[in-house]
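Student: Sequence order for the protein chains is A and B. Residues 1 to 165 (the working numbering) make up the first sequence, in order. Residues 166 to 663 (the working numbering) make up the second sequence, in order.
Just so you know, the hints here were simulated from the structure itself, not pulled from any lab data. Computed from a predicted model, the values in this text were never measured in an experiment. Where hints are given, some of them may not hold.
As the list claims (entries may be wrong) - Every beta carbon over 12 Å from chain B, so not counted as near; a handful from chain A, in silico:
| hint | residue |
| --- | --- |
| 1 | E11 |
| 2 | A25 |
| 3 | V60 |
| 4 | L160 |
To be verified - Straight-line C-alpha distance at most 20 Å; calculated DMTMM-like pairs for lysine to aspartate or glutamate:
| hint | chain 1 | residue 1 | chain 2 | residue 2 |
| --- | --- | --- | --- | --- |
| 5 | A | K6 | B | D615 |
| 6 | B | K283 | B | D243 |
| 7 | A | K6 | B | E612 |
| 8 | B | K607 | A | E13 |
| 9 | A | K52 | B | E612 |
| 10 | B | K613 | A | D50 |
| 11 | B | K608 | A | E165 |
| 12 | B | K613 | A | E83 |
Glycine included, each C-beta is placed from N, C-alpha and C at the ideal position.
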Amino acid sequence: MKYTSKIGTEEREFVIERTKDGLRARCGDTVHVLEMALVGDGQTFSLLVDGKSYDVVADVQREEVLLHMLGERFVVHVEDEREHAAHAVAGHKHGKRELRAAMPGIVVEVKAAEGDTVAEGQTLVVLEAMKMQNPLAAETAGKVVRVLCKQGEAVAAGALLMEME
Amino acid sequence: MPPIRRILVANRGEIALRVIRTAQEMGIETVAVYSDADRRSLHVRQATRAEYLGGSKPAESYLDIQKVVAAAKRTGCDALHPGYGFLSENEDAAQACIDAGIEFLGPPPKAILAMGDKVEARKIAMAAGVPLVPGLQEEVSEQRLVEAARQVGYPVMLKAAAGGGGKGIRIVREEKQLLEAFHMARAEARGAFGDDRVYLEKFVTRPRHVEIQVMADKHGNVVHYGERECSVQRRHQKLVEESPCSALTPELRAQMGKAACDLARAVGYVGAGTVEFLYSEGRFYFLEMNTRLQVEHPVTEMRYGVDLVREQIRVGQGETLTPVPEPRGHSIEVRVNAEDPETYFPSLGLISRINLPGGPGVRLDSALYRGLEVTPFYDSMLAKLVVHGVDREQAIARCVRALRELRIVGVATSLPTALRTLQSAEFRGGDYDTGILERIDKKPPAEKRDVALLAAAAAKFLVAEQAGARAAAAHLPGQATPRWSLLGRVDRMRRTNP
């Protein structure tokens with residue numbers, strides 16, 4: 001299974017597989033041999049990465065993994081393949097500044113023009129689907145560089161509506 | 166004076182537990198007091214008796230002098246320990262105890278009053294020959310402000326006369342900022358202390374915060390237990406303390422110790438107290454005196470092998486001070502606050518898991534337990550980790566080791582910040598000042614982030630794998646129908662065919 005792990009803007013892709021010798025994690029050209037044992041309470045893990053030992057408390061809440069290890073506390077956003085694909089379609093793909101239609105529908109309002117500076121959370125497009133008005137908001141602050149939809153237009157799920165930088 | 170038999174502990178959290186522990190060792194009974202939020206707290210569970218005070222807001226419980234003293238009388242206490250915070254530096258509380266015939270385990274009201282007013286404290290210190298930061302010994306008015314600042318020389322600092330906890334402090338580097346800063350300091354002082362008097366003094370560059378622990382008995386004896394270095398602060402609140410301070414020579418230490426004892430004598434001090442100094446380039450200046458047992462007192466206890474609460478109780482019983490033991494080795498304390506390490510905002514929540522550190526030279530003072538709810542009503546400090554080593558290097562290594570063992574899950578804490586501080590070259594070098602925390606990374610180092618990215622993915626993989634295995638086990642063909650679903654069928658049949 002492929003995982004995308006993210007802390008802030010830092011991102012890694014891992015392919016984790018169960019082989020007959022144990023767990024294997026590949027990141028680019030690097031392959032790690034993992035051994036992982038759950039300790040009693042269901043959230044504490046003894047993790048061995050190529051034999052190196054880490055004592056980890058991990059609270060896995062869907063895509064958010066709260067980690068305590070090495071004296072630090074990390075909030076790690078982890079998506080598996082399915083979640084990653086779903087987000088890409090929904091226009092939430094991390095790292096890319098694109099606004100995509102989360103569902104098929106009709107563009108009822110375009111609230112930003114090319115060259116506009118927008119704030120995080122600002123509504124950019126209102127999409128009507130199943131008689132509901134769905135505001136699509138900017139995931140991060142930035143500048144709109146391209147608008148690819150217009151009012152009244154019917155769009156498919158995953159259609160690119162805007163590009164930002 | 167008869168020995169103390171029962172003490173009311175007028176506090177909560179780790180300090181209440183700290184006092185209860187020593188009292189138990191001395192065979193003295195304890196009465197805990199508690200608010201609505203603290204019914205399940207460890208101090209209530211560990212004390213001999215417990216008395217309900219009132220609502221969770223401090224004003225409805227721990228700050229209500231009448232309620233606290235009434236609880237002490239009702240339960241037949243002969244002494245009251247105020248801890249730190251709450252009523253510990255309140256002269257009315259001390260007086261109320263005296264009036265009720267209860268020994269207040271702290272200084273006389275007169276001494277609390279004199280040292281609590283920062284302007285008054287400076288006057289007394291000056292008269293006692295204790296060095297002061299150049300500045301005005303009294304409240305500064307708007308009319309005299311510009312002239313006074315010029316006289317002292319920039320940069321200057323404006324401080325609330327009734328101050329504490331870093332509120333009402335403004336640093337001014339140029340004359341054009343002066344008036345605005347003055348009004349802000351006054352407004353903040355009024356809001357925090359209900360007293361808008363502000364004084365002005367020279368701002369000392371690269372200052373270190375070094376304080377002396379003193380103890381006085383009722384027979385006129387005053388001793389000191391050396392210094393604590395408390396320069397690792399953010400927003401004027403301490404995070405890491407150590408003893409000894411690497412900057413002090415034996416001569417300076419002796420001078421500061423003598424100055425602190427002189428000041429204690431000058432105000433007729435009794436019990437445990439701390440005289441805070443600014444230290445800069447071989448000189449020290451009086452800051453203020455805290456007329457209570459300090460949060461960081463275990464640093465001194467570990468280095469001197471002494472129990473300061475025991476000494477407080479002995480003094481309260483009218484005994485003379487025990488001789489001060491020879492200090493040995495090096496001691497470090499880390500405060501563990503429930504706070505966001507980047508914003509320092511309090512972090513609230515339920516403590517779902519704790520791993521406590523152990524091993525040689527490690528002490529943990531806390532009132533933590535699994536299931537503790539961190540509420541917005543009280544101070545955010547959860548625990549104090551204190552270590553002792555033969556020298557500074559060993560103490561730092563031990564503290565880093567223990568910090569990695571100590572794990573608190575459920576709220577964000579200051580632990581990562583403390584760890585990075587102790588591992589920083591600046592702290593290790595020993596030559597640091599009160600600005601050190603501004604220079605400590607706010608994020609985990611890259612090599613730790615790398616492992617965390619992998620560990621999180623691996624944890625998610627394992628959780629998914631186990632969920633898959635459970636789901637598969639539940640649907641194995643040929644397996645008997647689970648009993649609960651059989652029961653459900655029987656139940657439905659009964660209902661439809663009575």
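Student: Hint by hint, note whether the structure agrees.
Tutor: Results of checking the hints against the structure:
| no. | hint | result |
| --- | --- | --- |
| 1 | E11 | violated (8 Å) |
| 2 | A25 | violated (6 Å) |
| 3 | V60 | violated (5 Å) |
| 4 | L160 | holds (29 Å) |
| 5 | A:K6 to B:D615 | holds (10 Å) |
| 6 | B:K283 to B:D243 | violated (32 Å) |
| 7 | A:K6 to B:E612 | holds (14 Å) |
| 8 | B:K607 to A:E13 | violated (25 Å) |
| 9 | A:K52 to B:E612 | holds (14 Å) |
| 10 | B:K613 to A:D50 | holds (16 Å) |
| 11 | B:K608 to A:E165 | violated (26 Å) |
| 12 | B:K613 to A:E83 | violated (25 Å) |
Comparing the model with each numbered hint stated earlier shows that hints 1, 2, 3, 6, 8, 11, 12 do not hold.
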